[in-house]
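Enquirer: Residues per chain, in single letters:
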Amino acid sequence: MAHSITSKVFVVRDNIDTDQIIPAQYLALVPTIAEEYEKLGSYALIGLPDDQYPEKFVPEGGMKTPYQIVIAGRNFGCGSSREHAPIALGAAGVEAVVAESFARIFFRNCVATGELYPFDSGLRLCDIVKTGDEATLDFDHDTLTVNGNTYQLKPLGDVRPVIDAGGLFNYARKSGMIAAK
Amino acid sequence: MTLTEKILARASGKTHVRPGDNVWVNVDVLMTHDVCGPGTIGVFKREFGANAKIWDRKKVVIIPDHYIFTADAMSNRNVDILRDFANEQGIEYFYDVIDDPKGHWRFDAAKGNGQRQHGSHYSGVCHSSLALKGHNRPGEILFGTDSHTCQSGAFNQFATGIGNTDAGFILGTGKLLIKVPETMRFFFEGALPKGLMAKDVILHLIGEIGFDGATYRAMQFEGPGVASLTMDDRMTITNMAIEAGGKNGIFPCDQTTLDYVNARTAENGTKNTFTPADIDADQSFIYDKTFDISALEPTVACHPDPGQRKLAKEMGHVALDRAYIGSCTGGKTSDFLAFAEIVRGKTVKIDTFGVPSTTRVLEELKATQWDGKSVWNILADAGVRLTENPGCAACLGGPVDTFGRMNAPLKCISATNRNFPGRMGHKESQVFLASPYTVAASALTGKITDPREFI
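Sequence order for the protein chains is A and B.
First residue of the first sequence: 74, per the numbering used here; consecutive thereafter.
First residue of the second sequence: 49, per the numbering used here; consecutive thereafter.
If you are wondering where the hints come from, they were derived from the structure by calculation, not from laboratory data.
There could be a bad hint or two in this list.
Unchecked claim - BS3-like, lysine-lysine: derived pairs with alpha carbons at most 25 angstroms apart:
no. : chain 1 : residue 1 : chain 2 : residue 2
1   : B       : Lys-106   : B       : Lys-223
2   : B       : Lys-223   : A       : Lys-247
3   : A       : Lys-247   : B       : Lys-227
4   : B       : Lys-394   : B       : Lys-319
5   : B       : Lys-227   : B       : Lys-337
6   : A       : Lys-254   : B       : Lys-93
7   : A       : Lys-137   : B       : Lys-475
8   : B       : Lys-150   : A       : Lys-254
9   : B       : Lys-227   : B       : Lys-54
10  : B       : Lys-227   : A       : Lys-112
11  : B       : Lys-242   : B       : Lys-101
12  : B       : Lys-227   : A       : Lys-227
13  : B       : Lys-361   : B       : Lys-242
14  : A       : Lys-203   : A       : Lys-137
15  : A       : Lys-203   : B       : Lys-475
16  : B       : Lys-397   : B       : Lys-319
17  : A       : Lys-112   : B       : Lys-93
18  : B       : Lys-242   : B       : Lys-495
19  : A       : Lys-247   : B       : Lys-93
20  : B       : Lys-106   : B       : Lys-93
21  : B       : Lys-475   : A       : Lys-129
22  : B       : Lys-101   : A       : Lys-254
23  : B       : Lys-337   : B       : Lys-242
24  : A       : Lys-227   : A       : Lys-254
25  : A       : Lys-129   : A       : Lys-203
26  : A       : Lys-247   : B       : Lys-101
27  : B       : Lys-54    : B       : Lys-101
Unchecked claim - Rough simulated footprint, nothing fancy, chain A against chain B, three-plus residues with beta-carbon under 8 angstroms:
no. : segment
28  : 240-248
29  : 257-265
30  : 438-448
31  : 461-473
If you're wondering where the values come from, they're calculated on a predicted model, not measured in any experiment.
The beta carbon of each residue, even a glycine, is placed where N, CA and C say it ideally should be.
Make a model of the complete structure from these sequences and hints.
Expert: What follows is the structure, encoded as structure tokens:
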């Protein structure tokens, strides 16, 4: 993991549920099949209402997003347990979601897959930052710097090493919980 | 300890656990379906090897139910992936769409999606099927790759939804590391009055605490009001714990629970030994509130989230395009009977779709006669469009040819469980959640309607 990333941010509001992250019609794609994993990324956040989100997260016809950081409001990832949700974001190229709060299963799936870092900001950055603003996420200090302001994020604590290792299995092998491959 | 803490302590071999503890629990049942099963199997094989064996072939239950009656080739393929895995591993509880264990599932679009296309092993919606087929047992631990897995808490089981990676880990090890949640207690007094259903109770509670009011927490339902609730009622309530963000929902075990579980395990020959968790004197809660369920009124959760609580009687200005009854939450036999009570001898005013949750519900609706006419025909004669193919159908949208899916920006009143934007199809469509009574009354008038006008 790089110590910091700098990227344009994509900003969403409260209650972005898993249907908006990856609509149900795309769930027949199986994430462990490489080409279907890539395809899931191309549909990331395609369920957002067009009138509220005129900018496309993944450009039409593209496979990756130009936004490596997503800024969100309250309860990001609520709804279904589909692991397709963090996977779609990860496959599109997202490194971190910084949200005021997360829904539980989505947060857990981020950790288990190691697809992305779900940082809890505890504050409503989605009211302060606009899509397209450039931000730097510092993984050593758990801070987000954007438009000249630096915000302290809540440290990920126990789950950080799991994501650093690349997810549950890598972590479990590293720490001897399950046998090495 | 609370019910959830007691079950987690027992499953992790400890005498005591506290909220916030991380514990390794031994899993009693892992359930997966056609949408998350193939990915779970993929994780299992990637991590444990192509020839690996699952930890216990009697503890894995595979229930295709989500995208079954669709011409979408990838969805049909996913059912075949489940069958191959069930054969390879010798999984005993696989409720296949077709009867031929060597066959391939192909939906026949020419036949349409109203007419029966499944074989005799098929059951329908996973959570309803777990109960029906004798996989819900008090005091046990059940994980499922579906957020509404919390429904099984109706049976005094610790049950919660997980992703493919966690499920793949369980397939190989039979264990999962989880955090003990804090418990919120909802203490029920009174009994439901005429015209009210369990759905009104849970919509009221979600409105009370908000759509994320139970995030990371267990929702424990207790009190003298529980005794009058049937297992169907309790399932409706625990099913929607996730709609308040809850980790799990749980009821105590009483004679109603035992009668249901003993009948289902005997009928299916599934494991029939279990130790319920009972209520301790020294429970501590992060939230504790008493609700008089006899004072509730028909309740609706308005677009765009399950916490948008309103009373049905205040919402008559909302004109509807469609009504829908079905899913784990609202597609049980008791739900359809309530619906039929209202529409019997009348005609629905808007497009109305009915999807039984399981093949058993379908059989019961055809077998139940009211004045010499089956409930199935009573519904059909009232103008309800019914399918003989039980499953999740349009509750979660699904592929575009799914029965009842909203493919245009319509407004729908639904007996299902979730109403975030786009949930039932078109991303500009709107869903209003309500009880089967309220959905039926609204189907007759074409606007949101308090069902007590019809009772």
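Enquirer: Against the 25 angstroms threshold, does the CA-CA distance of Lys-475(B) and Lys-129(A) hold or violate the hint?
Expert: holds (15 angstroms)
Enquirer: Does Lys-203(A) sit within 25 angstroms of Lys-129(A), going by the straight-line distance between their CA atoms?
Expert: Holds. Lys-129(A) to Lys-203(A) sits at ~14 angstroms (cutoff 25 angstroms).
Enquirer: Does Lys-227(A) pair with Lys-254(A) here, judged by a C-alpha cut-off of 25 angstroms?
Expert: violated (34 angstroms)
Enquirer: Is it true that the CA of Lys-242(B) sits at most 25 angstroms from the CA of Lys-495(B)?
Expert: Holds, at roughly 21 angstroms.
Enquirer: Are Lys-254(A) and Lys-93(B) close enough, with their CA atoms no more than 25 angstroms apart?
Expert: Answer holds: Lys-254(A) to Lys-93(B) is near 12 angstroms, not above 25 angstroms.
Enquirer: Quick check: do three or more residues in the segment 240-248 of chain B have a beta carbon closer than 8 angstroms to a beta carbon of chain A?
Expert: violated (count 0)
Enquirer: Holds or violated: are the alpha carbons of Lys-101(B) and Lys-254(A) at most 25 angstroms from each other?
Expert: Holds, because 15 angstroms separates the two Cα atoms, which is no more than 25 angstroms.
Enquirer: Given the proposed pairing of Lys-106(B) with Lys-223(B), does the C-alpha separation stay at or below 25 angstroms?
Expert: Roughly 15 angstroms separates the two Cα atoms, so the pair holds.
Enquirer: Between Lys-227(B) and Lys-112(A), does the CA-CA distance stay at or below 25 angstroms?
Expert: Violated. Lys-227(B) to Lys-112(A) sits at ~33 angstroms, over the 25 angstroms cutoff.
Enquirer: How does the segment 257-265 of chain B fare against chain A when you require at least three residues with a CB closer than 8 angstroms, holds or violated?
Expert: With 4 residues closer than 8 angstroms to chain A, the segment 257-265 of chain B meets the three-residue bar; holds.
Enquirer: Just to be careful, I want the Cα atoms of Lys-106(B) and Lys-93(B) compared with a cutoff of 25 angstroms; is the pair within it?
Expert: Between Lys-106(B) and Lys-93(B) the Cα gap is close to 19 angstroms, so the pair holds against 25 angstroms.
Enquirer: Decide if the proposed pair is consistent with the structure: Lys-223(B) and Lys-247(A), CA atoms, cutoff 25 angstroms inclusive.
Expert: Holds: Lys-223(B) and Lys-247(A) sit about 17 angstroms apart, inside 25 angstroms.
Taken one by one, the earlier hints fail for this structure at numbers 4, 8, 10, 11, 16, 24, 27, 28, listed in ascending order.
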